[in-house]
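Protein chains in written order, with the numbering used here: chain A, 1 to 367; chain B, 1001 to 1285.
Derived by calculation from the structure, the hints in this document are not laboratory data. Backbone N, C-alpha and C fix where the C-beta goes; we use that ideal spot for every residue, glycine too. Please note: incorrect hints may appear among the correct ones.
[As the list claims (entries may be wrong)] Just some of the chain A residues that point at chain B, by a computed CB distance under 8 Å:
#	residue
1	F79
2	N83
3	H89
[To be verified] Derived pair list, reagent style DSBU-like, types lysine-lysine, alpha-carbon separation capped at 35 Å:
#	chain 1	residue 1	chain 2	residue 2
4	A	K177	A	K317
5	B	K1201	A	K107
6	A	K352	A	K254
7	A	K317	A	K352
8	A	K104	B	K1272
9	A	K317	A	K307
10	A	K203	A	K317
11	A	K203	A	K268
12	A	K177	A	K104
13	B	K1167	A	K103
14	A	K296	A	K352
15	B	K1167	A	K104
16	A	K103	B	K1201
17	A	K103	A	K203
18	A	K352	A	K177
19	A	K296	A	K254
20	B	K1272	A	K107
21	A	K103	B	K1272
22	A	K254	A	K317
23	A	K103	A	K177
24	B	K1201	B	K1167
25	B	K1201	A	K104
26	A	K268	A	K296
27	A	K177	A	K107
[As the list claims (entries may be wrong)] Which residues of chain A face chain B? A partial, calculated answer using Cβ under 7 Å:
#	residue
28	L52
29	I72
30	Q73
31	I77
32	F81
33	A85
34	Y98
35	G99
36	V102
37	K103
Listed below are the residues making up each chain.
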Amino acid sequence: MSSIQIRNVTKRFGEFTAVRDLSIDIEEGEFVALLGPSGCGKTTTMNMIAGLEDPTEGQILFDGQDLSGLRIQDRNIGFVFQNYAIFTHLSVYRNLSYGLEVKKVPKPEIERRVQAMAERMSISHRLDQPASSLSVNEMQKLAIGRSAIVEPRIFLLDEPLSNLDAGFRAYMRAELKVLQHEFGQTMIYVTHDQIEAMSLADKIAIIDRGRLMQYGAPLDIYNDPQNRFVANFVGSPRMNLVDGELREERGTLKLMLHGGAEIPLSGKVRVDFTCDGSVHGGSFGVRPQDIYFGEKRGGDDITMTGKVEVLERVGPKRLAYLQVQDTLFVAFDDLDRLRVGDEVPFCLPSDKSLAFDIDTGRRLGGA
Amino acid sequence: MKPSPGALALKYLFILLACAVVLYPLLWMVTMAFKPYPEWTTVAGLTWLPQDPTWQNFEFIFRGHAEGLVVSLDRTITGPLIASLVTSICGTALAVVSGTLASYAVVRFGLAQSLPLSVLQLRLFPPLAVMIPVMVMWAFIGAVDTWWGLSLIYGIVTLPFAFWLMKTFFEEVPVEIEDAARVSGCSYWRVFYRITLPIVKPGLATCALFVFILNWSDYLLALMLTQKEWVTLPVYMATLTSAMGGQMYGMKAALGVIAAIPPVVFGLMIQKHLVRGLTFGALKQ
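Taking the hints into account, I'd like the entire structure generated from these sequences.
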């Protein structure tokens, strides 16, 4: 078990910069998810931690020790690949025993550990069969077992669930959490699925175009996104983010939306928008579950009127798409009385709304 | 959709015809090898099967003479057979080993990006065009009529084939499998020979067979670069004429039968890899 410090790491492939000045501290035993859209540099980051790629600039430290001189085979890392990378020309047993054989572990010890791991991953009935005969789900288990059996200092998982069907994915997600407890390992998990990251990780590092956008506990990131990208990326359904110009009219600060509508700002969100006088374009963010219908509950909340365009059932609740001129707001229909075509008033809670600078994407004001 | 009986019949008829085109000369060769001298020299009354089967032709090429024949040979098949085996096997080994290593370096490490095309150039011009310079060079280094001289040119000439074939096989191996092995603690070399090579084994076997057949059936290079000691089977076959009897078809047929054996045996040995090797690129990972 190790702690990992990623210090100002940059990785360039020719002209292309995959990772820019990335710094992340991962403590011993933590489960950290690297979350971001495809091509954001998260797999490259993972490969650099594993030693499959060398950083162009910066350092990666394990327990404070620079690993750049250490060959990958001496780093003692467990790596589960997206496509599992099973040795299909070997038996299931040999797949599990391979890492131990390379490390010259005595035979009886190998035998014992392979049996134990196969049982733990419930593939012991398949041990003698060629690995190529396994189903995708079993390959996944084998891939995890093969990486875990060598008791690595850190455990890296690169989108391990993305090839699985939905049912098994949910099962594996829970299983991974259990395994992490059992192994007690520092785990780094790459995913583009925010639900996976949210449910599994102790901490999430959100990466976009090679840059770290935010690093913190899942709930902190959800409740307190530091920039527009994170606000937009995390949460399902997505946060409403509407862009416009800030304009002062007869003592009222308004956000004139590009769609033609306007949001009169008041209370906390107004303070947020005005904390930096140089900002002229703003982005107003509010999560669908924070929008409510009916009477204003707080004095500073903002009342708008919109037309119900679509109602979409999501589980027991309904999502309402509210059109205000050319801007669409998504809200949970908490009253369950809405009908398509209705003109309804709805409220944006001021203290739960977020303000962003439209040019830099950075959060304005905030906690 | 199930094909109609008519279409099916047509299909089989076509296959049958195609087989006949291939098998008929082969059958002719095999039967002729067992015909005694009068039977393969006669113009009238040619028969499909030997009327009086005999080992006469085989005896003749192995011993230089045979009972009932007035002609004799000053060279038996033994020398050329050994020469062919030695040079083909060495040339194949050379081409496959260097082709495999080179293509792996190109595919996995991105080394020598121009190598694939420059290797291909070896096959872009007719062999005859470079034959004379090669003869001069080989004479200069004393490689004419030696086993290593012929093996060397076989290795060089078939290298592009081995290189390109192995390149496609290596491209099929997901890099993650090798990464996984490296993470498990394998060195580059160990990854190559314990993980990657076993995975491409079908390809390796297929490649070796093809290269072997190319070398085994070479006539031109052996004709130019050997004189006496290391004459190979195809060149030797061309010399099987007699001043009295003209072309010795029966003996040539016997020689053909013998010459066909090594590639067939090789093919049978790697049969289980062959189908996989031939369809390697077509299969999804």
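Against the structure, the hints:
1. Annotation: interface hint on F79 of chain A holds; nearest CB of chain B at approximately 4 Å, less than 8 Å.
2. The interface hint given for N83 of chain A is met, as the beta carbon of that residue sits about 6 Å from the closest beta carbon of chain B, less than 8 Å.
3. For H89 of chain A, the suggested interface contact is upheld, since its CB lies about 5 Å from the closest CB of chain B, less than 8 Å.
4. Annotation: proposed proximity of K177 of chain A to K317 of chain A holds, straight-line Cα distance about 28 Å (limit 35 Å).
5. Between K1201 of chain B and K107 of chain A, the direct Cα distance comes to roughly 27 Å. Compliance with the 35 Å bound is thereby established for this hinted pair.
6. Taken as a hint, the K352 of chain A and K254 of chain A pair is honoured in the structure, with Cα atoms around 17 Å apart against an allowance of 35 Å.
7. Our distance criterion of 35 Å between C-alpha atoms is met by K317 of chain A and K352 of chain A, whose separation comes to about 21 Å.
8. The straight-line distance between the Cα atoms of K104 of chain A and K1272 of chain B is roughly 33 Å, inside the 35 Å bound, and the hint therefore holds.
9. Between K317 of chain A and K307 of chain A the alpha-carbon distance is near 19 Å, which keeps this suggested pair within the 35 Å criterion.
10. Between the alpha carbons of K203 of chain A and K317 of chain A the distance comes to roughly 29 Å, so the proposed pair stays at or under 35 Å and holds.
11. Between K203 of chain A and K268 of chain A the alpha-carbon distance is near 28 Å, which keeps this suggested pair within the 35 Å criterion.
12. With a CA separation close to 30 Å, the supplied pair K177 of chain A and K104 of chain A stays within the 35 Å bound.
13. Among the hinted pairs, K1167 of chain B with K103 of chain A is consistent with the structure: their alpha-carbon atoms are about 31 Å apart, no more than 35 Å.
14. Simply put, K296 of chain A and K352 of chain A have alpha-carbon atoms about 14 Å apart, close enough for the 35 Å limit, and the pair holds.
15. A hinted pair counts as satisfied when its Cα atoms are at most 35 Å apart, and K1167 of chain B with K104 of chain A qualifies at roughly 33 Å.
16. About 25 Å separates the Cα atoms of K103 of chain A and K1201 of chain B, which keeps this hinted pair within 35 Å; it holds.
17. Only pairs whose Cα atoms come within 35 Å are accepted, and K103 of chain A paired with K203 of chain A is accepted, the gap being roughly 32 Å.
18. Distance check on the hinted pair: K352 of chain A and K177 of chain A sit about 31 Å apart at the alpha-carbon level, within 35 Å; holds.
19. Simply put, K296 of chain A and K254 of chain A have alpha-carbon atoms about 19 Å apart, close enough for the 35 Å limit, and the pair holds.
20. Proximity of K1272 of chain B to K107 of chain A is assessed by CA-CA distance (about 32 Å); at most 35 Å being required, the pair is judged to hold.
21. With a C-alpha separation of about 33 Å, the suggested pair K103 of chain A and K1272 of chain B falls inside the 35 Å cut-off, and the hint holds.
22. About 32 Å separates the Cα atoms of K254 of chain A and K317 of chain A, which keeps this hinted pair within 35 Å; it holds.
23. For the hint pairing K103 of chain A with K177 of chain A, the CA-to-CA distance comes to about 28 Å; that is within 35 Å, so the pair holds.
24. Restraint check: the Cα-Cα separation between K1201 of chain B and K1167 of chain B comes to about 13 Å, which is no more than 35 Å; the hinted pair holds.
25. Annotation: proposed proximity of K1201 of chain B to K104 of chain A holds, straight-line Cα distance about 26 Å (limit 35 Å).
26. A hinted pair counts as satisfied when its Cα atoms are at most 35 Å apart, and K268 of chain A with K296 of chain A qualifies at roughly 16 Å.
27. Distance check on the hinted pair: K177 of chain A and K107 of chain A sit about 31 Å apart at the alpha-carbon level, within 35 Å; holds.
28. About 5 Å separates the beta-carbon of L52 of chain A from the nearest beta-carbon of chain B, less than 7 Å, and the hint is met.
29. Because the beta carbon of I72 of chain A sits about 5 Å from the nearest beta carbon in chain B, less than 7 Å, this interface hint is met.
30. For Q73 of chain A, the shortest C-beta to C-beta distance to chain B is roughly 4 Å, which falls under 7 Å, so the interface hint holds.
31. With 7 Å as the threshold, the beta carbon of I77 of chain A comes within range of chain B, its nearest partner Cβ sitting at about 5 Å, so the hint holds.
32. Hint status for F81 of chain A: holds, given a least beta-carbon distance of 4 Å to chain B, under 7 Å.
33. For A85 of chain A, the suggested interface contact is upheld, since its CB lies about 4 Å from the closest CB of chain B, less than 7 Å.
34. A distance limit of 7 Å between C-beta atoms decides the matter here; for Y98 of chain A the minimum to chain B is near 6 Å, and the interface restraint holds.
35. A least Cβ separation of about 4 Å between G99 of chain A and chain B falls short of the 7 Å threshold, and the interface hint therefore holds.
36. Look at V102 of chain A: its Cβ gets to within about 4 Å of chain B, closer than 7 Å, so that hint holds up.
37. Using the Cβ-Cβ criterion of 7 Å, the hint placing K103 of chain A at the interface with chain B is satisfied: the shortest such distance is roughly 6 Å.
Hint compliance for this structure: no hint is broken.
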